[in-house]
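*Asks:* Sequence:
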Amino acid sequence: MRPSLRIATAVTVALLSASAAPAQFIHTHPHKQAVVLQVRTGPFSSFTYAATGYGFWPYFGPPPGWYYNPIPYSQPPVVIQNVIQVPPGNGGAPERPVFPPEFDQPPPKNAPKAPPAKAAPPPKPAERVAPPEPPKPAPRVAGRADADRLTDDGRRAFTEGQYGRALEFFRKAADISPNEASTYFLISQAQFALGKYREAVGSIAAGMNVRADWSEARFNTRDLYWKKPEAFDDHLKALRQAVAAYPDDPELNFLLGHQLWFDGKKDEARKLILKARDLAKGQPPAARFQVEGR
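Position 190 of the sequence shown, counting from 1, maps to 248 under the working numbering, and the rest follow consecutively.
Accuracy of the hints is not assured; some may be wrong.
[Stated by the list, open to error] Pairwise CB distance ranges, derived in the manner of DEER restraints:
hint, residue 1, residue 2, range
1, Ala345, Lys324, 14 to 20 Å
2, Pro305, Ala345, 16 to 22 Å
3, Pro192, Lys254, 44 to 50 Å
4, Asp206, Pro305, 36 to 42 Å
Quick caveat, the hints were computed from the structure, so don't treat them as lab data. Heads up, the beta-carbon is just placed ideally off N, CA and C, and yes, glycines get one too.
Kindly generate the complete structure, drawing on both the sequences and the hints.
*Replies:* Here it is in structure tokens:
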């Protein structure tokens, strides 16, 4: 390598080290000695160093083309440190460097931010049309058969000693067939077995409103006790004790006479019913229970 070329290379390295700005080397041909160094401190026409076989000196403007070989300004751009330096056209003014898009300068800090794009509302789902409800069946009207079934259930419960359960069945049967006199008699018998004496008298009075000749009915007080006939004797004994405790109570006297009347003991029953009629001063049900001539 010639001494002048070594000097030019050393000066180039020194200038590159001293300058913080990017630099660009341009040489015309690998066999030529003309080397141009441009320090990126200004436009292309700023301060320039040129080194040739005759020496190395600075000058302003584009490097002259009479050093050994003219510098062809139509060369493709050379990229050093991601800066594209476009050479000027032949005989024209130098052009500004072009920065790649990824190295564009960011916008100023105080620049207003673009509002975020509003997301399009999701499409409304199609309204689901509910299928028409099937017509509801007409409510079933309970009839006489239902009342008979409830009465039979009450009788079975009574014979098993389930007097409260039997009372519920008899009441439901009366709700279905309120004009059935025998149902009120069954209700009064369940209340008698439970010791609800005054309620039993009220049920008898309700039955007498349905059937005026109540005393002529063929009721049997022991009919429900066919499995446990001794249970009727126990219940009757408990009622006698209540009458003995309250001898002037018209309802207790009437209920005891009622039980004896339909048990076939009409003479004793008649005395108790007439006494109850006097104590109640002609009030039902004792006043409406016909015992004369029987």
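*Asks:* Look at each hint and say if it fits the structure.
*Replies:* Tested hints:
1. Ala345 with Lys324: 14 to 20 Å: holds, 18 Å
2. Pro305 with Ala345: 16 to 22 Å: holds, 20 Å
3. Pro192 with Lys254: 44 to 50 Å: holds, 46 Å
4. Asp206 with Pro305: 36 to 42 Å: Once the Cβ atoms are compared, 41 Å apart, the range 36 to 42 Å for Pro305 and Asp206 holds.
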